[in-house]
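Visitor: As a plain string of letters, each chain reads:
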Amino acid sequence: MFDHFVVPNLLPAAPEIFLALMASAILLIDLFVKDSRRTVTFALSVLALLGCAAIQLWVAVPDVTYTFSHMFVADLMSVLLKLLVYLTVIVVLFYSRAYVIDRGEMNKGEYYVLTLFATLGMMVMISANHFVTVYIGIELLSLSLYAMVAMNRDSLAASEAAIKYFVLGALASGLLLYGMSMIYGATGSLEITAVARQVHGANVNGNLLVFGLIFLVAGLAFKLGVVPFHMWIPDVYHGAPTSVTLLIGSAPKLAAFAVVIRLLVSGLLAAANEWQDMLIIMAVLSMAIGNLAAIAQTNIKRMLAYSAISHMGFMLLGIVTGVVAVVGADGTVGGDISNALDAYSSAMFYVIAYVLMSLGTFGMILMMARAGFEADTLDDFKGLNQRSPWFAAIMMMLMFSMAGVPFFIGFFAKFAVLMAVIAAGYTWLAIVAVLFSLIGAFYYLRVVKLMYFDAPTDETPIRAGLDMRLLISANGVAVALFGMFPQSIMALCAAALVYSHFPH
Amino acid sequence: MSTYLLSLAIWVPIVAGVLVLLTGSDRNAPLARMLALVGAITGFLVTIPLWTTFDVAQSGMQFEVLAPWIPRFDINYHLGVDGISMLFVILNAFITVIVVAAGWEVIGKKVAQYNAAFLIMSGLMNGIFTALDGVLFYVFFEASLIPMYLIIGVWGGPNRVYAALKFFLYTLFGSLLFLLALLYLYVQSDSFSILAWHQQPLELSPQIWIFLAFLIAFAVKVPMWPVHTWLPDAHVEAPTGGSIVLAAIALKLGAYGFLRFSLPIAPDASHELSTLIVALSLIAVVYIGFVALVQSDMKKLVAYSSIAHMGFVTLGFFMFSAIGVEGALVQMISHGFVSGAMFFCIGVMYDRVHSREIADYGGVVNTMPKFAALFMLFSMANAGLPATSGFVGEFMVILGAVKYNFWVAVAAATSLILGAAYTLWMYKRVIFGAIANDHVAKLADVNKREFAILGVLALCTLWLGLYPQVFTEVMHVSVNELLNHVHISKIQ
Numbered sequence: 288m289f290d291h292f293v294v295p296n297l298l299p300a301a302p303e304i305f306l307a308l309m310a311s312a313i314l315l316i317d318l319f320v321k322d323s324r325r326t327v328t329f330a331l332s333v334l335a336l337l338g339c340a341a342i343q344l345w346v347a348v349p350d351v352t353y354t355f356s357h358m359f360v361a362d363l364m365s366v367l368l369k370l371l372v373y374l375t376v377i378v379v380l381f382y383s384r385a386y387v388i389d390r391g392e393m394n395k396g397e398y399y400v401l402t403l404f405a406t407l408g409m410m411v412m413i414s415a416n417h418f419v420t421v422y423i424g425i426e427l428l429s430l431s432l433y434a435m436v437a438m439n440r441d442s443l444a445a446s447e448a449a450i451k452y453f454v455l456g457a458l459a460s461g462l463l464l465y466g467m468s469m470i471y472g473a474t475g476s477l478e479i480t481a482v483a484r485q486v487h488g489a490n491v492n493g494n495l496l497v498f499g500l501i502f503l504v505a506g507l508a509f510k511l512g513v514v515p516f517h518m519w520i521p522d523v524y525h526g527a528p529t530s531v532t533l534l535i536g537s538a539p540k541l542a543a544f545a546v547v548i549r550l551l552v553s554g555l556l557a558a559a560n561e562w563q564d565m566l567i568i569m570a571v572l573s574m575a576i577g578n579l580a581a582i583a584q585t586n587i588k589r590m591l592a593y594s595a596i597s598h599m600g601f602m603l604l605g606i607v608t609g610v611v612a613v614v615g616a617d618g619t620v621g622g623d624i625s626n627a628l629d630a631y632s633s634a635m636f637y638v639i640a641y642v643l644m645s646l647g648t649f650g651m652i653l654m655m656a657r658a659g660f661e662a663d664t665l666d667d668f669k670g671l672n673q674r675s676p677w678f679a680a681i682m683m684m685l686m687f688s689m690a691g692v693p694f695f696i697g698f699f700a701k702f703a704v705l706m707a708v709i710a711a712g713y714t715w716l717a718i719v720a721v722l723f724s725l726i727g728a729f730y731y732l733r734v735v736k737l738m739y740f741d742a743p744t745d746e747t748p749i750r751a752g753l754d755m756r757l758l759i760s761a762n763g764v765a766v767a768l769f770g771m772f773p774q775s776i777m778a779l780c781a782a783a784l785v786y787s788h789f790p791h
Numbered sequence: 036m037s038t039y040l041l042s043l044a045i046w047v048p049i050v051a052g053v054l055v056l057l058t059g060s061d062r063n064a065p066l067a068r069m070l071a072l073v074g075a076i077t078g079f080l081v082t083i084p085l086w087t088t089f090d091v092a093q094s095g096m097q098f099e100v101l102a103p104w105i106p107r108f109d110i111n112y113h114l115g116v117d118g119i120s121m122l123f124v125i126l127n128a129f130i131t132v133i134v135v136a137a138g139w140e141v142i143g144k145k146v147a148q149y150n151a152a153f154l155i156m157s158g159l160m161n162g163i164f165t166a167l168d169g170v171l172f173y174v175f176f177e178a179s180l181i182p183m184y185l186i187i188g189v190w191g192g193p194n195r196v197y198a199a200l201k202f203f204l205y206t207l208f209g210s211l212l213f214l215l216a217l218l219y220l221y222v223q224s225d226s227f228s229i230l231a232w233h234q235q236p237l238e239l240s241p242q243i244w245i246f247l248a249f250l251i252a253f254a255v256k257v258p259m260w261p262v263h264t265w266l267p268d269a270h271v272e273a274p275t276g277g278s279i280v281l282a283a284i285a286l287k288l289g290a291y292g293f294l295r296f297s298l299p300i301a302p303d304a305s306h307e308l309s310t311l312i313v314a315l316s317l318i319a320v321v322y323i324g325f326v327a328l329v330q331s332d333m334k335k336l337v338a339y340s341s342i343a344h345m346g347f348v349t350l351g352f353f354m355f356s357a358i359g360v361e362g363a364l365v366q367m368i369s370h371g372f373v374s375g376a377m378f379f380c381i382g383v384m385y386d387r388v389h390s391r392e393i394a395d396y397g398g399v400v401n402t403m404p405k406f407a408a409l410f411m412l413f414s415m416a417n418a419g420l421p422a423t424s425g426f427v428g429e430f431m432v433i434l435g436a437v438k439y440n441f442w443v444a445v446a447a448a449t450s451l452i453l454g455a456a457y458t459l460w461m462y463k464r465v466i467f468g469a470i471a472n473d474h475v476a477k478l479a480d481v482n483k484r485e486f487a488i489l490g491v492l493a494l495c496t497l498w499l500g501l502y503p504q505v506f507t508e509v510m511h512v513s514v515n516e517l518l519n520h521v522h523i524s525k526i527q
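Protein sequences appear in the order of chains A and B. Everything in the first sequence is counted per the numbering used here, starting at 288 for the first residue and increasing by one. Everything in the second sequence is counted per the numbering used here, starting at 36 for the first residue and increasing by one.
The hints are simulated quantities; they were obtained by calculation from the structure and are not laboratory data. Be aware that one or more of the hints could be misleading.
Example chain B residues on the side facing chain A (calculated, C-beta under 7 Å, incomplete) [to be verified]:
id: 1; residue: Glu99
id: 2; residue: Val174
id: 3; residue: Leu185
id: 4; residue: Gly188
id: 5; residue: Val189
id: 6; residue: Gly192
id: 7; residue: Leu207
id: 8; residue: Phe208
id: 9; residue: Leu211
id: 10; residue: Val222
id: 11; residue: Ile523
id: 12; residue: Lys525
Straight-line distance between alpha carbons at most 30 Å, and here's what the computed DSBU-like set of lysine-lysine pairs gives [to be verified]:
id: 13; chain 1: B; residue 1: Lys201; chain 2: A; residue 2: Lys669
id: 14; chain 1: B; residue 1: Lys144; chain 2: A; residue 2: Lys669
id: 15; chain 1: B; residue 1: Lys463; chain 2: B; residue 2: Lys477
id: 16; chain 1: B; residue 1: Lys463; chain 2: B; residue 2: Lys483
id: 17; chain 1: B; residue 1: Lys405; chain 2: B; residue 2: Lys477
id: 18; chain 1: B; residue 1: Lys438; chain 2: B; residue 2: Lys525
Only some residues are given here: those of chain A computed to face chain B with a beta carbon under 8 Å [unchecked claim]:
id: 19; residue: Leu337
id: 20; residue: Pro693
id: 21; residue: Phe694
id: 22; residue: Ala710
id: 23; residue: Ala728
id: 24; residue: Leu779
Using N, Cα and C, we set each Cβ at its ideal position, and we do this for glycine too.
Can you build the whole structure from these sequences, using the hints too?
Guide: Have a look at this one:
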């Protein structure tokens with residue numbers, strides 16, 4: 288019975304296999320850790336991620352490689368995004384360290400193991416070339432996150448957030464699966480590249496395909512957190528412990544971007560006419576509702592949740608306009624490839640920039656939190672300039688960057704996306720986007736106002752370890768430095784997409 | 036060496052600003068002040084060779100620098116100045132010295148941050164005046180909002196939060212549409228070079244859209260009626276230094292934008308819509324002149340007079356004659372000196388009495404004679420008295436207007452009456468008469484620092500008033516080149 292069993296090429300998936308093994312090992316090793324600070328578990332988790340990065344660099348090849356019967360793909364885009372995921376999660380672990388130690392009930396081995404499994408889920412999402420792989424990745428990520436949100440089990444808000452997240456997340460998974468099954472019905476395949484061939488060949492049942500597509504897009508929108516499937520974002524960001532919010536608000540966006548590219552661009556590009564209008568509506572609504580609702584918030588985590596919604600909407604513009612450039616009026620793929628490339632790479636750059644800013648902002652909230660004090664209302668930032676001019680300056684840079692003011696990375700992120708939008712001829716969309724950015728600037732400026740113009744209500748000096756101080760300073764400097772010299776990341780994004788989607 | 040001059044003009048103040056920031060808390064305030072002054076003076080000195088080695092006969096850009104910045108989108112670090120922008124770089128560096136000196140003892144809290152904000156802003160504004168790449172210009176243009184936002188918000192008056200936010204959002208609104216116009220031009224021309232855009236052919240309808248996008252950005256910045264309402268708020272709430280920089284330099288950025296972007300990139304639209312701009316300018320001159328007349332707050336009065344004076348500038352530009360444009364440019368430089376000095380004078384009184392209300396003063400000449408004399412000079416210049424700098428620009432613009440349209444000239448000329456009315460009436464109420472109250476009775480005359488600042492500004496005002504030739508000869512070739520360019524249609 289083993290005659291037909293061919294051992295698949297495990298090499299492209301080596302980092303995933305390594306992380307799965309390490310996470311399981313850490314789960315066991317943690318049982319023997321007596322230290323209540325869990326230093327060993329923490330160190331091993333960081334080492335596991337560094338190991339992943341090393342293996343990733345070692346096995347990376349510029350070509351597109353498929354394995355596990357085309358269920359798994361390794362290409363330059365996946366390598367780049369995964370390396371960023373490792374880096375992000377390592378930073379998340381360092382930022383969360385003091386916070387979880389102060390909250391003993393969270394500082395368990397499971398916290399670290401779940402973080403690693405969530406990371407594994409993101410990696411699988413990034414490399415998925417099959418609907419089932421996509422689903423497994425999303426579920427692994429989501430289930431880990433559900434548990435992490437509820438980890439602080441004495442907190443009513445956290446439990447509520449976890450239940451909400453779980454119920455809505457399960458619904459979204461259901462929608463996604465339903466959409467996938469419809470597309471399977473239309474095309475007869477679950478493998479993304481095969482689906483692309485089928486759809487392009489136009490021998491498919493159009494109604495069935497569109498029906499499936501709608502459910503697929505709805506499921507994706509849930510996971511991305513764009514309007515009208517955004518309701519879970521504010522509650523979860525707000526209710527979850529800040530260290531978990533940091534994780535939810537950072538690395539998974541990279542994975543979600545990859546899934547959007549894999550499903551919609553690699554898989555269903557030929558059906559772009561069907562999904563592009565949906566995405567335009569969702570993008571505009573996200574920017575509108577995200578930016579307007581953020582103004583009314585008094586809790587900074589909730590404000591950043593709405594800001595995340597608006598940022599994802601802005602990012603979608605890049606994906607939408609890439610397709611406008613590629614798909615001709617008759618629905619066939621053609622047109623200017625370089626425009627499409629600009630658009631997708633602008634969206635990718637936007638996500639990377641957003642993750643960098645989001646890390647820094649939630650990192651600041653974590654740094655200001657103490658045992659028994661969350662520092663999550665806007666008023667906690669009052670007079671920060673008098674308590675610590677350096678960290679106030681970093682927070683200011685992050686806020687201006689989120690608002691899209693130069694010389695910070697957020698400006699060039701918006702710049703690149705707007706360029707793609709204008710190049711695709713969607714001037715009205717660009718005008719809508721900048722008008723909502725203007726509204727968005729208001730609430731970011733308010734944070735700067737609180738830090739600089741108001742007197743502090745809380746004079747407690749900011750206490751943080753050296754690693755935290757150095758890391759968050761580096762994060763702030765990176766926002767400024769990549770804002771002045773964005774070329775390197777922009778070129779990397781473009782190269783990743785060229786080699787992954789337009790191989791010569 | 037000459038290729039580094041412009042980079043030095045930008046980066047010397049910025050680096051100095053960062054160094055000042057490093058001095059930290061107010062314990063080191065004297066060090067921070069000293070360092071800031073040294074930085075500002077160095078920043079000023081490096082701009083001097085721009086003028087001394089400037090070739091007035093050469094058209095086009097001088098001291099050019101071109102290095103790739105973001106090759107992904109063909110964005111370059113491209114700097115250069117011509118006869119239009121060179122003087123503003125020097126004016127900006129000069130005003131920075133004045134501002135640092137003006138805040139010397141007055142600013143007592145967060146001294147390092149205060150001075151650093153001004154130095155960094157000075158560098159950024161030099162970037163605006165010298166950038167020849169659209170994105171580079173935009174980046175400097177928008178980044179310069181951040182220090183101004185902080186200056187108004189941290190060191191400003193009671194209503195500073197509102198004023199700072201209004202300033203930021205108004206300007207951001209304008210500049211975001213400007214950004215879209217830049218992106219559109221890039222898509223059309225595959226380049227972000229402003230000089231390449233000058234040559235880019237465009238149909239009338241895109242020209243008009245581009246012109247309108249530019250107009251919103253620059254009109255807010257100038258500011259033109261009806262988008263001027265942020266300026267009185269910002270001026271009133273800003274600390275003295277902030278008002279000086281706003282009036283002397285920041286307002287010029289918008290006017291400069293018209294010359295660098297609107298006229299040469301969209302010449303046909305400029306002609307098409309010139310009536311609109313002329314009308315808006317005249318409203319600014321006449322209507323805002325009346326508004327200034329009824330102000331009870333001195334800073335607000337000078338703020339409105341700034342809007343009226345800037346109306347002259349935009350009027351001069353859109354008559355498309357050499358004398359009009361040059362007059363407008365002279366007016367911009369003159370306004371830099373005069374409005375800066377006016378705001379400083381009000382600051383001098385405010386530091387002593389802590390009021391800007393005209394009604395709280397009267398008879399100041401009895402206690403501050405030296406001050407009264409200098410204030411008199413600047414008030415006269417603000418009113419446009421011959422032999423002061425204020426006269427030259429207005430005269431040239433009115434001269435241009437007579438050729439353009441007689442009634443436009445008549446309307447513009449009312450500004451000489453209105454300007455005299457609101458400035459001199461304010462001067463009379465504040466300075467002359469009997470001593471109004473105890474505060475005025477206890478006033479001490481200007482100290483050496485204040486006298487030095489006012490003296491230098493007075494010399495500049497008289498120099499430009501008596502011998503404007505030095506300034507106009509620099510502009511002449513560049514202005515003619517610009518006007519020749521604007522007369523050629525871009526429609527193919």
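Visitor: Determine for every hint whether it applies to the structure shown.
Guide: Here's how the hints hold up against the structure:
no. : hint                 : result
1   : Glu99                : violated, 21 Å
2   : Val174               : holds, 4 Å
3   : Leu185               : holds, 6 Å
4   : Gly188               : holds, 4 Å
5   : Val189               : holds, 5 Å
6   : Gly192               : violated, 12 Å
7   : Leu207               : holds, 6 Å
8   : Phe208               : holds, 5 Å
9   : Leu211               : holds, 4 Å
10  : Val222               : holds, 5 Å
11  : Ile523               : violated, 27 Å
12  : Lys525               : violated, 20 Å
13  : B:Lys201 to A:Lys669 : holds, 20 Å
14  : B:Lys144 to A:Lys669 : holds, 17 Å
15  : B:Lys463 to B:Lys477 : holds, 19 Å
16  : B:Lys463 to B:Lys483 : holds, 25 Å
17  : B:Lys405 to B:Lys477 : holds, 15 Å
18  : B:Lys438 to B:Lys525 : holds, 25 Å
19  : Leu337               : violated, 30 Å
20  : Pro693               : holds, 4 Å
21  : Phe694               : holds, 5 Å
22  : Ala710               : holds, 5 Å
23  : Ala728               : holds, 6 Å
24  : Leu779               : violated, 10 Å
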